[in-house]
Amino acid sequence: MVLCHHCCSICKNNSLRGLAKIIRSKTNPLTTGDFSKIMAEKKFYLTEQGLEKIKKEYQDLKNLKLAKTEGEIPKIWHSEDINPEYLSFREDLSFLETRIAELENILKNVELIKPPPKERQNIVNLGATVLIDIDGEIDEFRLVGTLDADPSNHKISNESPIGQALLGKRVGEMVIIKTPIVNHSCKITKIKYNKI
Amino acid sequence: MKGIRKFKIDTKELSGKEKVLFKKLILVAKLIAPLYLKQKNDKYPGANFYPYDATKEEIEKAAKKNPAILSPYTFVERDKTGKLIAIPYHLKFKKELKPVAELLVEAAKLSDNKNFSSYLKSQAHSLLNGNYGESEIIWLKAEPSKFGFVIGPIERYLDKFFFKKCAYQAWVGFLDEERTKEAEKFKNMILTGRRKILSGSEKAEILKLGIRIDRTVIFSGLIADFMFTGTNLPNDVKLMEKHGSKLTIFESSLELKFKEDHLPIFKAVFDKKFQKSYSKEDLYKGSLRCILLHEISHSLIRYRDAEERLENLFPVFDELYAYILGIKSCGTLFLKGAMNQKELEAILIMHICRNFTWWLDSIRNPSVKHYAVGAAIAQDFFLKEGAMKEKGGISWPNFTKLFICINELSRLLEYHLAVGSYEEAKEFVEEYSSFNVFKRFSSQLTKISKLK
Chain S
1 MVLCHHCCSI
11 CKNNSLRGLA
21 KIIRSKTNPL
31 TTGDFSKIMA
41 EKKFYLTEQG
51 LEKIKKEYQD
61 LKNLKLAKTE
71 GEIPKIWHSE
81 DINPEYLSFR
91 EDLSFLETRI
101 AELENILKNV
111 ELIKPPPKER
121 QNIVNLGATV
131 LIDIDGEIDE
141 FRLVGTLDAD
151 PSNHKISNES
161 PIGQALLGKR
171 VGEMVIIKTP
181 IVNHSCKITK
191 IKYNKI
Chain R
1001 MKGIRKFKID
1011 TKELSGKEKV
1021 LFKKLILVAK
1031 LIAPLYLKQK
1041 NDKYPGANFY
1051 PYDATKEEIE
1061 KAAKKNPAIL
1071 SPYTFVERDK
1081 TGKLIAIPYH
1091 LKFKKELKPV
1101 AELLVEAAKL
1111 SDNKNFSSYL
1121 KSQAHSLLNG
1131 NYGESEIIWL
1141 KAEPSKFGFV
1151 IGPIERYLDK
1161 FFFKKCAYQA
1171 WVGFLDEERT
1181 KEAEKFKNMI
1191 LTGRRKILSG
1201 SEKAEILKLG
1211 IRIDRTVIFS
1221 GLIADFMFTG
1231 TNLPNDVKLM
1241 EKHGSKLTIF
1251 ESSLELKFKE
1261 DHLPIFKAVF
1271 DKKFQKSYSK
1281 EDLYKGSLRC
1291 ILLHEISHSL
1301 IRYRDAEERL
1311 ENLFPVFDEL
1321 YAYILGIKSC
1331 GTLFLKGAMN
1341 QKELEAILIM
1351 HICRNFTWWL
1361 DSIRNPSVKH
1371 YAVGAAIAQD
1381 FFLKEGAMKE
1391 KGGISWPNFT
1401 KLFICINELS
1411 RLLEYHLAVG
1421 SYEEAKEFVE
1431 EYSSFNVFKR
1441 FSSQLTKISK
1451 LK
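Note that the protein sequences, when read in sequence, are chains S and R.
So in the numbering used here, spot 25 of the first sequence is number 25, and the numbers just go up one at a time.
So in the numbering used here, spot 75 of the second sequence is number 1075, and the numbers just go up one at a time.
A hint or two may mislead.
[To be verified] To be clear about the criterion: a stretch of chain R counts as covered by chain S if any three or more of its residues have a C-beta under 8 Å from a C-beta of chain S, and this derived list gives those stretches: (1) 1331 to 1340; (2) 1365 to 1373.
[To be verified] Here are the simulated lysine-lysine pairs, DSS-like style, with alpha carbons at most 30 Å apart: (3) S:K187 to R:K1342; (4) R:K1094 to R:K1181; (5) R:K1196 to S:K192; (6) R:K1185 to S:K56; (7) S:K53 to R:K1181; (8) R:K1006 to R:K1092; (9) R:K1196 to S:K178; (10) S:K190 to R:K1196; (11) S:K155 to R:K1203; (12) R:K1259 to R:K1146.
[What the hints assert, rightly or not] Computed beta-carbon distance windows for the label pairs: (13) R:K1259 to S:S185: 38 to 44 Å; (14) R:D1010 to S:V171: 53 to 59 Å; (15) S:E140 to R:K1285: 27 to 33 Å; (16) R:E1423 to S:V171: 39 to 45 Å; (17) R:D1010 to S:I123: 53 to 59 Å; (18) R:K1401 to S:I123: 30 to 36 Å; (19) R:E1106 to S:D81: 52 to 58 Å; (20) S:K53 to R:D1010: 32 to 38 Å; (21) S:K108 to R:D1010: 43 to 49 Å; (22) R:E1058 to S:S185: 52 to 58 Å.
No lab work stands behind these hints: they were computed from the structure.
Please read these numbers as outputs of a predicted model, since none were measured by experiment.
C-beta: ideal position from N, C-alpha, C; glycine also.
Please work from the sequences and hints to get the whole structure.
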């Protein structure tokens, strides 16, 4: 078994076996299935914090790839059959390369989310923290790009149905959110732009 | 064995010492089933908690002079003169509870986790002295331990007279850390908003909600009979407000219910073409989320006066509303992009299947009828509003209409639980809870074992 001795966060406590699984879980929800969609997008809206996270992941994976290819590569053949360790090595490498390409594309097309000028801060834009009244519930969240989205921490994607409906709206406006299954209306009660 | 349900689980991750402790806890749990069986009696609305010839009015009158009559932890009996008297459980079952407490103390000595050990000792004391609050507080305050273990008189569902008397139960399991982390994240997504409160209601604010998903090995007492897939304790609102509540999902019983009920019902009552859009995995996840949402919602719908106001109808509204509010909050998760459409649909489908399950369960076990009544109310709404189309026992749901029904039902249930009167609740139940909404599917449901 090949072990990585570089101290990146991904491989610190893991052997390279099953690396593909680790990368999949670390990069969730951005799986390889989403790759083509991401490549098709032009801009990736990120907060500074989000950008740092992406940069760190990119560097860690580059280090990991280097360690993997510099280490002992399993032989292709095991007697007359293809060596399963070699197949696993190829699979891991392929996942690494795909994710690295994804991250490169993001870094190339990134656009940092910045607060709008003061006169436009009464309009919902990326980075805005919005207080809404939706169907008997008061909710507050920040609108971020898809890569920064984390609904359990009040960060909602600009591409979500509610994100799309709120963008460009002002305080006091009633907003209709229509989807094939759930339809709601909500009222914007506050918009604020904190340090992003 | 009656009053006990065992599940096969893999215990290889437990150390030798932990296995000894685990076995001891299982032994303790088994001893509680006979006490439950002495409380249960489906022939009488008051089960064996009250004399069979005592009327509600007589009991209420006696309770005015002696509040212990309606204590959650007493049997009501007649003395030689015919007067109603209260006998505390811990005295009535003194002989049976002594070995239970002894085993608990032995188990406490085997635990390396100080909190868990003191919880077990406290449980032993509470069973013998009838002061259950103390051990409940220790349980609520403790960080999640490896073992999931609860024992005592807890659930009130057997008392159909007043919904007061607690029936004995116990469970033993251990923590599924991975699933618990996922559930914690899901809980945080649900609890981001603040619900508006109806004016005049006595809403209780439950500020802390612990969560764990357990691989359960044994159910004993009421929980074995009801086959819960999740629970949110304590039941005492005052205790909840002060110390928060803890939610447990029982993976073993959920897997069994899914395999034996939810999935066969899905295959029996939904159109074949419609079925093809959902994999078994989609549906299992839907079922897990259904119960998770239900238990989380229990913490959001506590009203200090609801039990007194709605009496024996309280569990109908409390259980149904927890399901409906949970599903409703998923609509917001979908709008926020935290859940995709298929995941949301799977939750709705599994809710419908769970409604059928409660009805089927109530045929076998009348004690769970309040769940079936709630399920019938929801089903009635879905059918009348065209959210479920049915022909010859086969149906096809309309998800958009289902969501409209969920919102409408949510509004009505909130009213009844928050401020409604007993008479209004009774009228509502009588109008919407006919079991015909399930019976019309009988031709398809005969394939399911419980109806054979």
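Taking the hints in turn, this is what the structure says about them:
no.: 1; hint: 1331 to 1340; verdict: holds (count 8)
no.: 2; hint: 1365 to 1373; verdict: violated (count 0)
no.: 3; hint: S:K187 to R:K1342; verdict: holds, 27 Å
no.: 4; hint: R:K1094 to R:K1181; verdict: violated, 40 Å
no.: 5; hint: R:K1196 to S:K192; verdict: holds, 22 Å
no.: 6; hint: R:K1185 to S:K56; verdict: holds, 24 Å
no.: 7; hint: S:K53 to R:K1181; verdict: holds, 22 Å
no.: 8; hint: R:K1006 to R:K1092; verdict: holds, 27 Å
no.: 9; hint: R:K1196 to S:K178; verdict: holds, 23 Å
no.: 10; hint: S:K190 to R:K1196; verdict: holds, 17 Å
no.: 11; hint: S:K155 to R:K1203; verdict: holds, 28 Å
no.: 12; hint: R:K1259 to R:K1146; verdict: holds, 27 Å
no.: 13; hint: R:K1259 to S:S185: 38 to 44 Å; verdict: holds, 41 Å
no.: 14; hint: R:D1010 to S:V171: 53 to 59 Å; verdict: holds, 55 Å
no.: 15; hint: S:E140 to R:K1285: 27 to 33 Å; verdict: holds, 28 Å
no.: 16; hint: R:E1423 to S:V171: 39 to 45 Å; verdict: holds, 44 Å
no.: 17; hint: R:D1010 to S:I123: 53 to 59 Å; verdict: holds, 56 Å
no.: 18; hint: R:K1401 to S:I123: 30 to 36 Å; verdict: holds, 35 Å
no.: 19; hint: R:E1106 to S:D81: 52 to 58 Å; verdict: holds, 55 Å
no.: 20; hint: S:K53 to R:D1010: 32 to 38 Å; verdict: holds, 36 Å
no.: 21; hint: S:K108 to R:D1010: 43 to 49 Å; verdict: holds, 47 Å
no.: 22; hint: R:E1058 to S:S185: 52 to 58 Å; verdict: holds, 53 Å
Hint compliance for this structure: hints 2, 4 are broken, all remaining hints hold.
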